[in-house]
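**Student:** With chain B held as given, fit chain G onto it using these hints.
Which chain is which? The protein sequence lines are B and G, in order.
Under this note's numbering, the letters of the first sequence match residues 1 to 349, in that order.
Under this note's numbering, the letters of the second sequence match residues 1 to 271, in that order.
Quick caveat, the hints were computed from the structure, so don't treat them as lab data.
Among the hints, a few may not be true.
What the hints assert, rightly or not - Only pairs whose alpha carbons sit at most 30 Å apart, straight line, appear in this in silico DSSO-like list of lysine-lysine:
1) K228(B) x K257(B)
2) K252(G) x K52(B)
3) K107(G) x K82(B)
4) K53(B) x K68(B)
5) K37(G) x K213(B)
6) K62(B) x K37(G)
7) K62(G) x K20(B)
8) K143(G) x K68(B)
9) K143(G) x K129(B)
10) K37(G) x K107(G)
11) K68(B) x K37(G)
12) K61(G) x K82(B)
13) K107(G) x K213(B)
14) K20(B) x K252(G)
15) K228(B) x K143(G)
16) K143(G) x K20(B)
17) K20(B) x K157(G)
18) K213(B) x K157(G)
Unchecked claim - Partial pick of chain G residues on the chain B-facing surface, computed with a CB cut under 8 Å:
19) K33
20) L42
21) W123
22) F245
23) G259
Note that beta-carbon positions come from the ideal geometry of N, C-alpha and C, so glycine has one too.
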Amino acid sequence: MKRKMSIIFLLVICMSSCEKLLIESDPSNTYATNFELFWSDFDQNYPLFIVKKINWDSTYQKSTQEIKSLNNDEDFFNFLSKIILNFEDAHVNLRTNYGDVRFIHSNSVTENSPTQIQNYVSNLKDINKAIDYGDIDGTELGYIRIKTFGSFLPISNFEVIDEILIQFENKKGIVLDIRSNGGGSSTNAITVSSKFINESSCFMKYRYRNGPKHNDLTDGINLSIQPKGTVFYTKPIAILTNRTTVSASEYFTQSLKDYSHVTIVGDTTSGAIGIPIWRELPIGWTYRIPINLAETCNGISYEHIGIPPDFPIWISQEDSNNGVDTILEKAISVLNRDINEINGLFFNI
Amino acid sequence: MLFIFPMKVSSQENIDKETRPYLKLTIGLGNYKFKDKVFSPLRYGGTSVPISLQFESNRNKKLIHNISFFYDNFEASSSITRKYDWSANYVNAFSGELNYTIARKVKFSFAKWFSNVYVGLGWKNFLSVKEYQITQNESQSSKDFISSLNIYVRMEKKLNKNSSLIFNLEYAFFAYIYGRIRHPLDTPNLEDVNQIYNNISDSGIGNKLNTGDFLTLTSLVQLDSQIEYRYSLSKRIDFVATYHFRFYQYQKFLLTSVGNSNLLTGIRIKL
Chain B
1 MKRKMSIIFL LVICMSSCEK LLIESDPSNT YATNFELFWS DFDQNYPLFI
51 VKKINWDSTY QKSTQEIKSL NNDEDFFNFL SKIILNFEDA HVNLRTNYGD
101 VRFIHSNSVT ENSPTQIQNY VSNLKDINKA IDYGDIDGTE LGYIRIKTFG
151 SFLPISNFEV IDEILIQFEN KKGIVLDIRS NGGGSSTNAI TVSSKFINES
201 SCFMKYRYRN GPKHNDLTDG INLSIQPKGT VFYTKPIAIL TNRTTVSASE
251 YFTQSLKDYS HVTIVGDTTS GAIGIPIWRE LPIGWTYRIP INLAETCNGI
301 SYEHIGIPPD FPIWISQEDS NNGVDTILEK AISVLNRDIN EINGLFFNI
Chain G
1 MLFIFPMKVS SQENIDKETR PYLKLTIGLG NYKFKDKVFS PLRYGGTSVP
51 ISLQFESNRN KKLIHNISFF YDNFEASSSI TRKYDWSANY VNAFSGELNY
101 TIARKVKFSF AKWFSNVYVG LGWKNFLSVK EYQITQNESQ SSKDFISSLN
151 IYVRMEKKLN KNSSLIFNLE YAFFAYIYGR IRHPLDTPNL EDVNQIYNNI
201 SDSGIGNKLN TGDFLTLTSL VQLDSQIEYR YSLSKRIDFV ATYHFRFYQY
251 QKFLLTSVGN SNLLTGIRIK L
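The shape of chain B in the complex, shown without the other chains:
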């Protein structure tokens, strides 16, 4: 009996390390290994090479030489940062103890950010971390600003749009201001945009890498938007965008762009539309990589270049200093034109 029990005991001890044997151990934490993992991940999985002007093989050749001369972690951080920024992609980031690295598209002339909205909007209510709304002075238009679609916020922050639309029932048009909205959850974005349509439609396709070549991509997977809930608003809408309208806010823009009652006013968006995920390197730093390429249902990709507005307009530095929001003014005139066209009146903008 004792012998049998000893065998069982030994068997259990041996088997208790099975999981360790079956799962491969960690790669070494050298600069070369970290770079190799980083480079290979992008080489095999990054879906946007076809819209970027990056010679990834050449990057590898140059880097393998350069990496030999790195002396410390800070050198390696600077080395990786250069590569990250070269993507010109807001979804390719690096987070380290030396700081965060993220490329943000910008308009070199003017930011086109919403400033001094109170000059145009009265009864402005800041109802949660995501949404403000109010009445545009001297008009029958409503104003809704969505500052973020952050995934850290509960979806209830976005479902309040129902209550706002009930209050805006008699408004003849709405301005949706998503300028400088840095994105977040696509689900939050769709929760809002599904309230501004009354019929479903394909608005985007996702394509994934499916092979070793940089242009090995799957066919598009259609994304559709459907009206949700009981409250909808389908009168004229103007969406305000700028170069820092990024990610989920571009997803939001794209989901409404092709509806006839929707007009986009402002500057081109950032051009980082697909879904990114975080990855870890053995050195402990994390980086982000997009896993899909977003296209319109007609096969046009606004990745990298950004979604163009129907009415491109910038706020000059002088106007910005004087509290003049020419993008909002343009949106008001566009909406008034649409309202008058609906009413059978001619209106020249």
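**Tutor:** Chain G in isolation, oriented as in the chain B frame:
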């Protein structure tokens, strides 16, 4: 279902000599090691306190029905967890499993050492959710949901009047998996693949289940094995000590491997 096993039924008695159903409750310590290359090339590990509840019926001594539930949660760390003040790099995880097996007593010539051998099928539903805590309050969730049909083998050995050993082995041959990110050519025409890395509450479970696909022996490794020592304390109660090992591995965009050992003790009550 068991017609696929045309083996001769053994004339040996079930070691329990009882035909009433049993309820088994065990608790213990578990050890995890896993590597989810979708998130990290590093191996993570942690310790859990698993709990298992099992109902077993062997009313006619030839056919065993078994329903079991297993749950645990744990925090896992890697070689770089909290290495830097600014970073977190750890994982909060839980897993749950609901398993049904049906097995028929058979006689194998090579298995004479065992008092009884059963062969059958299992249906296992397994869910694992891992929340990767990254830097600066950033987190990212990863889910594995596997519903599998398994080959099930059970071997019993009576050691003496009061004690016995039971070996259980299950291996998946066909599974439905939700949670893969379709990297290779198997991308389906589905709409909410993008939900995979959003919070679990972001979309309805119905949508989530629609985004799964089927894997077979060639694309999935899922193994579940147990060695159980049973000692009779009274006519109705047995003491049980179990070593339980689980392992699964499949391509979820990149390779995901999870291994888990558990040492469990508890009681088995005749109902």
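**Student:** Let me make sure I understand: some of the numbered hints might not hold for this structure. Which ones are they, in numerical order?
**Tutor:** Violated: hints 3, 7, 8, 10, 12, 13, 18, 21.
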